[in-house]
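Trainee: With the hints as extra help, turn the sequences into a complete structure.
Residue numbers (my numbering), protein chains in the order written: chain A, 586 to 861; chain B, 4 to 274.
There could be a bad hint or two in this list.
To be verified - Derived lysine-lysine pairs resembling PhoX-like cross-links, with alpha carbons at most 25 Å apart: (1) Lys20/B with Lys598/A; (2) Lys20/B with Lys608/A; (3) Lys588/A with Lys598/A; (4) Lys269/B with Lys859/A; (5) Lys608/A with Lys598/A.
Said to hold, decoys possible - Rough simulated footprint, nothing fancy, chain A against chain B, three-plus residues with beta-carbon under 8 Å: (6) 7–21; (7) 137–147.
Claimed, not checked - Selected chain A positions facing chain B (in silico; Cβ < 8 Å): (8) Asn650; (9) Ile792; (10) Leu850; (11) Gly851.
Worth flagging that the hints you see were computed from the coordinates, not collected in a lab. Every residue gets a Cβ at the ideal spot worked out from N, C-alpha and C, and that includes glycine.
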Amino acid sequence: MKKAYGKSIDGVKRGVRWAWQHKIRVAVLALVLALIAPRPVQTQFIDPCCAIMGAGLSSISSALNDVIGGGLSGILSIEQDIFDFERDIVWPQDLIDEAKGLVGSLQGIYAQIESLTRVPVNSATLANTQQLEQNLLSRDSAQIGQTSAYYAAVYGSVPSPTSAPAEVRNVIDMTDAVAQAAMKRAIEIDHLATLELEAADRINRSIQRAAPGSAPIIEAQAAAWLIRANAYTQAATADLMRVRAIDLAGAAAEVKSGATYNSALGQQLIDLLKRQ
Amino acid sequence: MTIAFFLLFSWLMVTTKTRRQVVAVTLAGTVGATLIAPPPAMAQLSLTGAIQAVLDIVNGTIQSALNSINAVRNAIRAFYQTLVWPVNLINQARAQVTQMIGQYRQRMRDIFESDVGSATLAATGQLEAVMRNGQTSDFNAVTAYFRNAFGPIPAETAASPEDRAMTDMDDALAMGSLKTLKASDAAVDLTLDAADQLEDAASEAAPGSAPFLTAAAVVASIQSQALTQKMLAAELRQEAARVAHENAKRKRGATNTSRLGDQILKLLRRD
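Mentor: Here's what the structure looks like:
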């Protein structure tokens, strides 16, 4: 032990002696060590720089809390208020569901009405009139091609030129034409009305699946269908007016031709009596 | 890196022999230390300046932006609540619907349901009652009562085939129209029910549920228009048959008149 201690003392003495002999080298070594040695880390609590940073961060935190937090919380409160208003007053789910339910119930009513329009109303008893009636009540515009033939079978055709004067034949043909056109238009209108009921049913179904934002789009489509239906009603009314106009014209033509015919007949009778 | 450099430099310093070597190693060590020593970080601003800058942004730009957003959202809320969907006007509209239901519905129903029957004889009274009852299950009664009031089709021996066909067609279209009208009377009752239901729902609707009701009402209008068209088609058929009937008489009249004139002239010529 003593031996080892003595060796250590000797080693130190030798080192000191060497350092004393090489002062410049030791100084250079110390200088280089000082230059490249890592800097000590400054503590958070003792260093004044950290204190400044702590105060700064505290100010930032307080500003974030007051300015941004306060502002955002104000906005959130307004947003919540708007949300509550829209949910409870503008678009309440229960009333929306109720409205959809009503649409379903209306659909039931219109299904009943649709079935009423399909109740057969045919009443003719003779073969040729049954044919015409069936054609008229067919609700099928594809059958319009046969209407004229069935019509002629019941109401007869235009008389031949030897059986009636030209002006009478004109009136008869015109009246037949307008009567047949009205019958054909009636078939078309029946067919169109059936299609409109079908479309209305489809639109009703889509209303039940709609959202408050999409319902107005469906409403716009329904409005377009209504306009179209109005146009068809107008067309049917126009045909009705044509029938009545031609009827009136026919009545006037009868008076006119009757007067002419009577006058001509009277003249012929006078001529014959004079000859005798 | 730094430790390795220092150990190497120390070893060289200790092991050098001459003064010239010491100077050389010192110079090399100084250059090396300068190269590997980390350069000191240079701050762009002082720390307090940086913190102040952040605070200025928070209190300036961000605060004024948040204030603006707040003001706009407030304005939107006021716009919704006082101009677009004011609750008082929504309630007022509902109250008006309810008030009009009370004021008009029963009154109009009473007017519509007042009896318009006017026949005085037994046969016609029966027909009138059956054609106005809005039922679709008693069409046979319509035919029977119609025949009682207007008579049957003449027998084959009693009238020409043309007359029988025309009377049959006239009767058929007249009865067809009466039956169609019975169905449409039933449809009218159902349509009035639908209108009542829509109006009831309108009295409790919200702005967001009203579009469903409006759309349903427009669809109901299409259906109602379709029914009107079906009635119009029946009227067209009936009117066309009436004109056709008159025209058939005209055809026959023209032929008969022509024949009669010829016969009179022939008779006169013989004398």
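Trainee: Of the numbered hints stated previously, which ones are contradicted by the structure, given in increasing order?
Mentor: 8, 11
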